[in-house]
Amino acid sequence: MDHTMEFTKQFLRAKNPCAMGYRWFVRNLDDGVGYQKALDTLVEAGRIEDALWLVRAFGPTNDVLHLDSLEAEAVVFAGTIEVRAGIDVDGVIHAGRSIRCGAGIRAGGSITTGEDIRAGGSIQCGEHLHVGGSLRTDWGVDVARSLVCGGDLRVAWDLAVKDTIEVRGGAVVGQDLLAGFSVQCDKNLRVGGHLQGADFVRAGQGIHVGGTIDGVTHIEAGWGIRAGQFIHVSGAIKAGESLSSGEDIRAGSGYGVFAGLNVQEQSWDVCGQVWAEQPPEGLRSGFFSGPSPFDSVAAR
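Here the numbering used here is used: the first residue of the sequence shown is 105, the next is one more, and so on.
There's no promise every hint is true.
[What the hints assert, rightly or not] Between beta-carbon pairs, the in silico distance windows are:
#1 G138 / R249: 28 to 38 Å
#2 R127 / L171: 28 to 38 Å
#3 E175 / G358: 47 to 57 Å
#4 D167 / D352: 53 to 63 Å
#5 G358 / A149: 50 to 60 Å
#6 E381 / G360: 14 to 24 Å
#7 Q370 / Q288: 44 to 54 Å
#8 D167 / S357: 54 to 64 Å
#9 D144 / T321: 44 to 54 Å
#10 E381 / W157: 51 to 61 Å
#11 A149 / L365: 17 to 27 Å
#12 S371 / S173: 21 to 31 Å
#13 E186 / R131: 58 to 68 Å
#14 S371 / D172: 57 to 67 Å
[Said to hold, decoys possible] Distance condition first, Cα-Cα at most 25 Å in a straight line; then the derived SDA-like pairs of lysine to any residue:
#15 K291 / S338
#16 K291 / A264
#17 K141 / I152
Hints are computed from structural coordinates only; laboratory data are not their basis. Don't be surprised by glycine CBs; every beta carbon is placed ideally from N, CA and C.
Can you build the whole structure from these sequences, using the hints too?
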């Protein structure tokens, strides 16, 4: 979208705004007002939902907001936000494109970007965190509701999300991953510490956890699943290839443990191996190979 575009009553009306929002616009903004000026005016008036509707209706710009630091009640910017130090916002943060921040980002409301987030510190989000592209932070991430990442996710410390996690690329978490609900990762999921959840965990490729996998219901990977310590779930365990635990592997009562689901049965001794201290109860497929040669020494 051309950032020099000017709004008129006729132009706005063509997007079918709600009646109350349109009346407010007509009373408070002059014909020909600039796009970002209209957003700023709405935010200053506390009409955050109208500002969000406007930026969704008209899309992002190539504008870049350069600041040393950013403190505000709310921020709705149609382009990219670049802040040398930190961002501290009581309400929502919405960037039509990216957010690049030298320190941490805190928002009492949701954080939404059309493209990437790059932060030199921690990210604390009081509601939903929705990143259109990739997310990378040098510290941790704490989200009070859901997390959606449209690209790759890289978190150096802990990732703690109270609701669902959805990553459409690969995910690397340096320390613990703590999920209040389900975890869906379309590519590889790597966690340096422990993985704890309260619902299913699925990865389109592999799952590699340095510590324990605990508290989840079902766990499923298109490739292999590997944990440095134990794997305890309340449902089924399904690995497309091999399954490895530095300690024991335990599915829920009445549920099975499956390895080698995506390879031929005659290849299980190579591509469908199950490594653990003892054969898992309920092992339905795969080839039990004994204690893990990868993790058992390191885990102790």
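Outcome of the hint check:
1. G138 / R249: 28 to 38 Å: At roughly 33 Å between Cβ atoms, R249 and G138 fall inside 28 to 38 Å, so the hint holds.
2. R127 / L171: 28 to 38 Å: holds, 33 Å
3. E175 / G358: 47 to 57 Å: Cβ of E175 to Cβ of G358: about 54 Å, so the range 47 to 57 Å holds.
4. D167 / D352: 53 to 63 Å: The hinted range 53 to 63 Å holds for D167 and D352, with Cβ atoms some 55 Å apart.
5. G358 / A149: 50 to 60 Å: With a Cβ separation near 58 Å, G358 and A149 satisfy 50 to 60 Å, so the hint holds.
6. E381 / G360: 14 to 24 Å: For G360 against E381, whose Cβ atoms are near 19 Å apart, the range 14 to 24 Å holds.
7. Q370 / Q288: 44 to 54 Å: violated, 32 Å
8. D167 / S357: 54 to 64 Å: holds, 57 Å
9. D144 / T321: 44 to 54 Å: holds, 46 Å
10. E381 / W157: 51 to 61 Å: With a Cβ separation near 57 Å, E381 and W157 satisfy 51 to 61 Å, so the hint holds.
11. A149 / L365: 17 to 27 Å: violated, 56 Å
12. S371 / S173: 21 to 31 Å: About 57 Å separates the Cβ atoms of S371 and S173, which means 21 to 31 Å is violated.
13. E186 / R131: 58 to 68 Å: Because 34 Å falls outside the window, the suggested range is violated.
14. S371 / D172: 57 to 67 Å: The hinted range 57 to 67 Å holds for S371 and D172, with Cβ atoms some 58 Å apart.
15. K291 / S338: Distance ~24 Å between K291 and S338 Cα, so the pair holds.
16. K291 / A264: holds, 20 Å
17. K141 / I152: holds, 14 Å
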